[in-house]
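These protein sequence lines are chains A and B, in that order.
The UniProt record's numbering puts the first residue of the first sequence at 1, with every later residue one more than the last.
The UniProt record's numbering puts the first residue of the second sequence at 1, with every later residue one more than the last.
Keep in mind that the hints are not guaranteed to be accurate.
[Said to hold, decoys possible] Residues from chain A that face chain B, not an exhaustive set, calculated with beta carbons under 10 Å: (1) V173; (2) I183; (3) Q194; (4) G227; (5) I232.
[Unchecked claim] Derived Cβ-Cβ restraints for the label pairs, each shown as a range: (6) A:A27 - B:A27: 13 to 23 Å; (7) B:G60 - A:A27: 24 to 34 Å; (8) A:M47 - B:G60: 50 to 60 Å; (9) B:T164 - A:D101: 46 to 56 Å; (10) B:V139 - A:R64: 37 to 47 Å; (11) B:R54 - A:G124: 46 to 56 Å; (12) A:G67 - B:R46: 43 to 53 Å; (13) B:L104 - A:H96: 46 to 56 Å; (14) B:Q66 - A:D138: 18 to 28 Å; (15) B:G197 - A:P200: 32 to 42 Å; (16) B:E108 - A:M47: 51 to 61 Å.
Simulated from the structure, these hints should not be mistaken for laboratory data.
Since the structure is predicted, the reported quantities are computational estimates derived from the model, not experimental observations.
We put the CB at the ideal spot given by N, CA and C, even for glycine.
Number of protein chains: 2
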Amino acid sequence: MNYARPTAAYAHVKLFLKTGLAEGRWAPGSLMPSEAELVEQFSVSRMTVSRAVRELQAEGLVERVQGVGTFAAQPYRASSTLTIRDLHTEISERGHRHRADVQLVQAETVAAGGLAQRLGLPVGSDVFHTLIVHYEDDVALLCEDRYVNPSRAPDYLSVDFTKTTPTNYLLAVAPLWEAQYSIEAGTPTVQEAQLLGIEPADPCLIIVRRTESQGTPITVARLVHPGSRYTIEGSFKP
Amino acid sequence: MNYARPTAAYAHVKLFLKTGLAEGRWAPGSLMPSEAELVEQFSVSRMTVSRAVRELQAEGLVERVQGVGTFAAQPYRASSTLTIRDLHTEISERGHRHRADVQLVQAETVAAGGLAQRLGLPVGSDVFHTLIVHYEDDVALLCEDRYVNPSRAPDYLSVDFTKTTPTNYLLAVAPLWEAQYSIEAGTPTVQEAQLLGIEPADPCLIIVRRTESQGTPITVARLVHPGSRYTIEGSFKP
DNA sequence: CAGTGGTCTAGACCACTCG
DNA sequence: GAGTGGTCTAGACCACTGT
């Protein structure tokens, strides 16, 4: 049976603080009620109050300093949850067909410069390189140029990338990624334009992503999406 | 400093589960140890185990079903923290100078169509409209075309936007945003190209953002950044 | 020193799912 | 009914910051 609003006690406390913050009841940086005060006010145990405030802290709405108190956070940043998904899954969920056109799968010798450093490899060692064009119902959606650290994915070259995307395979081999990315608008290279079937001057969304797993660099990828065909969407809540 | 010592008990449990997931010890979707088992294994109380698993759940690493158990999450999405910041702050932190060129500040009558609906306003009512070009050290970095719901920011038109950015002002008036955004690559309008001092064919990063505060639509903005001058960067951790 | 948050315990009751 | 997670309590000890 559902009562009207039988929310958990910790949720009550959390809601109280959250709406207070939304109404500007505690200015950014100012001191908020202590746990002891909230215990008194809501007649709950300290563990309950603690959980409420800890979750607000995790959401970035308050800052806590041991021995000092809890403070309203500066609301100058709103954190968002940007979901990076496997392209195959994404296309399938739209009810469309995904096809990968594998242009290149090979081992190369890594030359000096940024790439060796970014993959944590000594100059002259092997690196795996793939170049794949992804289609959604025969429309080119992405040109994926990727380098992979062989030590963490030794079987990478033998994967059938018409059936599994590199993202998917690498997630399975090395879960729990950390990644840095940059997103910018630019023009494709001549080769990319040709592969995507667009003009070299057409604007593209270019994502460069570098991922690590447990401190080891895994892969560096340059993802080029035709601007007219691809959009990143998302939302964020405080 | 020292990161050696065995941290909190709940952190031990959390680390155990997290590394196990990273090593593929529990396949995605498979059943993980119950709270009772972890209580036994680590000789801690159930509250402690509960906290560890709950935090993993918040991080999206596990899924829990009451009455059933805890399951390793499908690693098909990695959540990222994309930080939307006030442009003035961002530029200042780079040690540069921010200047806003206010092209337009006026009230308009909202016509039928998407805008009225997206701002939750009846057709024919007033809406505030600003068009501002932002410069970093005299280089045009952003053309900001923004519509604002007057009911939540009645003083919007009297703000001096050469001193305060709209983002900044709206954050103060209506904190705790929720927003939906889309990011794409495209070309600017003729007017935008002129204001930014670029060619109409130059690729731009175009962000369309709609924000709400406590369920009320606040503002809809179209942010056009020259692709050659602006990049979104970020990182995500599992 | 008094006050704050950080953590922990050993129980408890509940709602839920499944066989 | 057995097992699961969801929540809660009334204490407790600790580490830290301020005066």
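A quick look at each hint next to the structure:
With 10 Å as the threshold, the beta carbon of V173 of chain A comes within range of chain B, its nearest partner Cβ sitting at about 9 Å, so the hint holds. Using the Cβ-Cβ criterion of 10 Å, the hint placing I183 of chain A at the interface with chain B is satisfied: the shortest such distance is roughly 4 Å. Because the beta carbon of Q194 of chain A sits about 18 Å from the nearest beta carbon in chain B, more than 10 Å, this interface hint is broken. Contact between G227 of chain A and chain B, as hinted, is supported at the beta carbon level, the nearest pair being about 3 Å apart and thus within 10 Å.
Below 10 Å, beta-carbon pairs count as interface contacts, and I232 of chain A has one with chain B at about 4 Å; its hint therefore holds. With their beta carbons about 49 Å apart, A27 of chain A and A27 of chain B fall outside the hinted range of 13 to 23 Å. Roughly 32 Å separates the CB atoms of G60 of chain B and A27 of chain A, a value that falls within the hinted 24 to 34 Å. A beta carbon spacing of about 25 Å between M47 of chain A and G60 of chain B contradicts the range 50 to 60 Å that was offered as a hint.
Between T164 of chain B and D101 of chain A, the C-beta spacing of about 50 Å keeps the proposed range 46 to 56 Å intact. For the pair V139 of chain B and R64 of chain A, the beta carbons lie near 40 Å from each other, so the given range of 37 to 47 Å is met. Between R54 of chain B and G124 of chain A the C-beta distance comes to about 48 Å, which sits within the given range of 46 to 56 Å. Restraint check, G67 of chain A to R46 of chain B: a C-beta distance of roughly 29 Å breaks the suggested window 43 to 53 Å.
For the pair L104 of chain B and H96 of chain A, the beta carbons lie near 41 Å from each other, so the given range of 46 to 56 Å is not met. Q66 of chain B and D138 of chain A have their C-beta atoms about 45 Å apart, which leaves the hinted 18 to 28 Å range violated. Judged by the Cβ atoms, the range 32 to 42 Å given for G197 of chain B and P200 of chain A is violated: they are separated by roughly 23 Å. The hint said 51 to 61 Å for the Cβ distance between E108 of chain B and M47 of chain A, and at roughly 53 Å that hint holds.
Comparing the model with each earlier hint shows violations of hints 3, 6, 8, 12, 13, 14, 15; every other hint is respected.
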